[in-house]
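One point on numbering: in the numbering used here, the residue at position 24 of the sequence shown is 24, and numbering is uninterrupted.
In case anyone wonders, no lab produced these hints; they're calculated from the structure.
The beta carbon of each residue, even a glycine, is placed where N, CA and C say it ideally should be.
Any given hint could be a false lead.
[To be verified] Each pair of labels, with its calculated beta carbon distance range:
id, residue 1, residue 2, range
1, G44, P12, 44 to 50 Å
2, S51, N16, 49 to 55 Å
3, G13, G44, 44 to 50 Å
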Amino acid sequence: MSASDVRRDYAPGRVNGAVVGALVGVIAAGSIVLGLLGGTAYFGILWLVTSW
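Please take these sequences and the hints and turn them into a complete structure.
Here is the structure:
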């Protein structure tokens, strides 16, 4: 078994792993951003309501 055979066998798995990792990263970052925005909006509304 030569190096090119090994590379051909493992390349798809490496690509899939990279894609899955990127998707997980994007989803995690998105949820963090949404959480921050939600928290900011929540406290902003509370501040507006209590400052009347």
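Verification of the hints:
1. G44 x P12: 44 to 50 Å: 47 Å, holds
2. S51 x N16: 49 to 55 Å: 52 Å, holds
3. G13 x G44: 44 to 50 Å: Taking Cβ atoms as reference, G13 and G44 lie about 46 Å apart, which means the hint holds.
No hint from the list above goes unmet by this structure.
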